[in-house]
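Q: For the sequence shown, the working numbering assigns the number 2 to the initial residue and increments by one for each residue that follows.
Because the hints were derived from the structure by calculation, they are not lab data. Using N, Cα and C, we set each Cβ at its ideal position, and we do this for glycine too. Any given hint could be a false lead.
Claimed, not checked - Ranges between beta-carbon positions, derived for each pair:
1. ARG20 to LEU70: 21 to 27 Å
2. ALA23 to ALA65: 18 to 24 Å
3. LEU26 to LYS61: 38 to 44 Å
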Amino acid sequence: MPDVPEDPADALAAVVALRRLADQLEDAAVEQAMRAGWSWPQVAEALGITRQAVHKKHAKRLIAAGVTLRRRT
2 MPDVPEDPAD
12 ALAAVVALRR
22 LADQLEDAAV
32 EQAMRAGWSW
42 PQVAEALGIT
52 RQAVHKKHAK
62 RLIAAGVTLR
72 RRT
């Protein structure tokens with residue numbers, strides 16, 4: 002088991018910080034992949050989630066960032 006802070010508040014704050022960092026990393030990686038021409042299914046497979054889930058989570062933000070999204074063919 003990892004070394005957990007004695008104070009539960011400190012331990013939970015660390016969890017929150019790690020989740021935020023993971024979300025930021027995911028956002029950046031998905032944007033990088035989409036700018037490189039990856040498809041939604043490729044990104045979804047790499048993340049271990051469904052195409053629908055990755056699209057729902059990221060499409061609006063990517064469009065706002067000016068990323069050209071691939072359409073299914």
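Q: Holds or violated: 18 to 24 Å for the Cβ distance of ALA23 and ALA65?
A: Cβ of ALA23 to Cβ of ALA65: about 21 Å, so the range 18 to 24 Å holds.
Q: So does LEU26 sit 38 to 44 Å from LYS61, Cβ to Cβ?
A: violated, 19 Å
Q: If I claimed the Cβ atoms of ARG20 and LEU70 lie 21 to 27 Å apart, would that claim hold in this structure?
A: holds, 26 Å
When each numbered hint is compared with the structure, a violation occurs for hint 3 only.
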